[in-house]
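Number of protein chains: 2
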Amino acid sequence: MSKRSQQTINTEQNRGTVSVIQGQASGATTTSRPPGGSLQLVPQLVPATPAGGGGKAKMKKTSGDKDSDEYRQRRERNNLAVKKSRMRSKQKAQDTQQRVNELKEENERLEAKIKLLSKELSVLKDLFLEHAHNLADNVQAPGAEGASPAHNNNNNNNGACNNNNNSSQ
Amino acid sequence: MSKRSQQTINTEQNRGTVSVIQGQASGATTTSRPPGGSLQLVPQLVPATPAGGGGKAKMKKTSGDKDSDEYRQRRERNNLAVKKSRMRSKQKAQDTQQRVNELKEENERLEAKIKLLSKELSVLKDLFLEHAHNLADNVQAPGAEGASPAHNNNNNNNGACNNNNNSSQ
DNA sequence: GAGGATTGCGCAATCA
DNA sequence: TTGATTGCGCAATCCT
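Those protein sequence lines, which keep their order, are chains A and B.
Mapping to UniProt numbering: the first sequence position 5 is 5, numbers consecutive.
Mapping to UniProt numbering: the second sequence position 46 is 46, numbers consecutive.
Don't read these hints as lab results, they were simulated from the structure.
The beta-carbon is built from N, C-alpha and C at its ideal position, and this holds for glycine as well.
Some clues are possibly wrong.
No farther apart than 16 angstroms at their CA atoms in a straight line, the calculated lysine to aspartate or glutamate pairs in the EDC-like style are these [to be verified]:
# : chain 1 : residue 1 : chain 2 : residue 2
1 : A       : Lys92     : B       : Asp95
2 : A       : Lys113    : B       : Glu108
3 : B       : Lys104    : A       : Glu111
4 : A       : Lys104    : B       : Asp126
Cβ pair distances, simulated, as ranges [as the list claims (entries may be wrong)]:
# : chain 1 : residue 1 : chain 2 : residue 2 : range
5 : A       : Lys84     : B       : Leu80     : 22 to 32 angstroms
6 : A       : Met87     : B       : Lys125    : 15 to 25 angstroms
7 : B       : Asp95     : A       : Lys115    : 53 to 63 angstroms
So, partial list: chain A residues that the calculated Cβ filter (under 8 angstroms) puts toward chain B [stated by the list, open to error]:
#  : residue
8  : Lys83
9  : Ile114
10 : Leu124
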């Protein structure tokens with residue numbers, strides 16, 4: 001992650017573009033007060049013109065700082081890249097949000113289905129239980145011969161297997 | 001929306017304006033730049049006046065453009081607000097992503113549950129069907145004993161176990 | 001090592 | 001008026 005940025009609000013052609021880098025002073029939030037002449041903390045200056053010596057900074061077109069053709073080209077390309085990147089980033093965020101919505105819907109559908117299945121299951125189980133009871137009752141009555149609850153049922157049951165399952169919600 | 005912020009592209013005009021890289025503190029942001037010299041310390045004032053050319057430089061402390069005290073204060077506050085806003089934005093995006101993950105997990109759980117319930121239901125239904133068939137068989141062939149493979153149900157019940165399984169969807 | 005992709009940051013316009 | 005958002009450009013990195 002980058003940290004330092006420096007924005008030079010300046011302009012081309014002024015040969016004096018300088019960037020100052022200031023170390024971070026945490027906590028200092030005060031408004032900068034122009035001190036009479038005392039220097040503040042550590043601001044380090046970085047001369048923007050690497051040109052050697054105090055003379056003329058003469059940058060070639062292909063390497064000059066700031067106003068060279070190449071610089072502008074690079075900046076422009078970067079600006080483009082930045083735009084593109086941000087666009088995609090934004091798009092992605094949007095997609096993610098959409099995904100959340102879809103998943104939420106899906107979840108609701110699934111929950112509903114679970115509810116339905118559960119109800120169905122419950123009904124069937126009840127049916128079974130009821131039936132089993134009936135069998136048991138009827139088995140007890142006649143002369144038992146080692147009747148097991150599940151098999152060999154002499155079931156005289158007259159109907160009584162009614163169950164209404166209306167899964168209503 | 002905003003469009004033209006000229007930070008750098010503005011051409012000519014201020015000739016000494018320098019920008020500072022400030023870490024985070026709001027402190028000194030201004031700089032002056034003696035044209036040619038090597039900079040070592042940072043005077044806090046901004047020497048270059050933006051209104052160099054034809055305008056009148058009239059900067060009061062409380063309304064001047066660019067270098068006024070108030071301006072700096074406003075900028076600083078805004079920078080702070082921007083940071084805050086971006087932080088929140090980023091946090092939100094992160095949360096959204098997290099939400100997606102959670103929902104995905106939840107979905108899987110639900111799907112698994114559905115699968116389980118479906119299986120259970122299917123088993124019960126089969127059981128039911130089998131039973132029903134047995135009953136039918138025994139009703140049809142009362143004379144025979146030990147006709148059905150699994151159960152030996154002597155069930156006089158006339159079928160009639162009505163099961164409504166409305167499985168919709 | 002050149003060049004696109006990201007990212008943090010400050011500015012300014014705009015919203016609320 | 002003031003904080004919150006948002007688009008934009010710059011520069012430092014990151015990543016190919």
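What are the numbers of the hints the structure violates, in ascending order? Checked against the structure, the hints that fail are numbers 4, 6, 7, 8, while the rest are satisfied.
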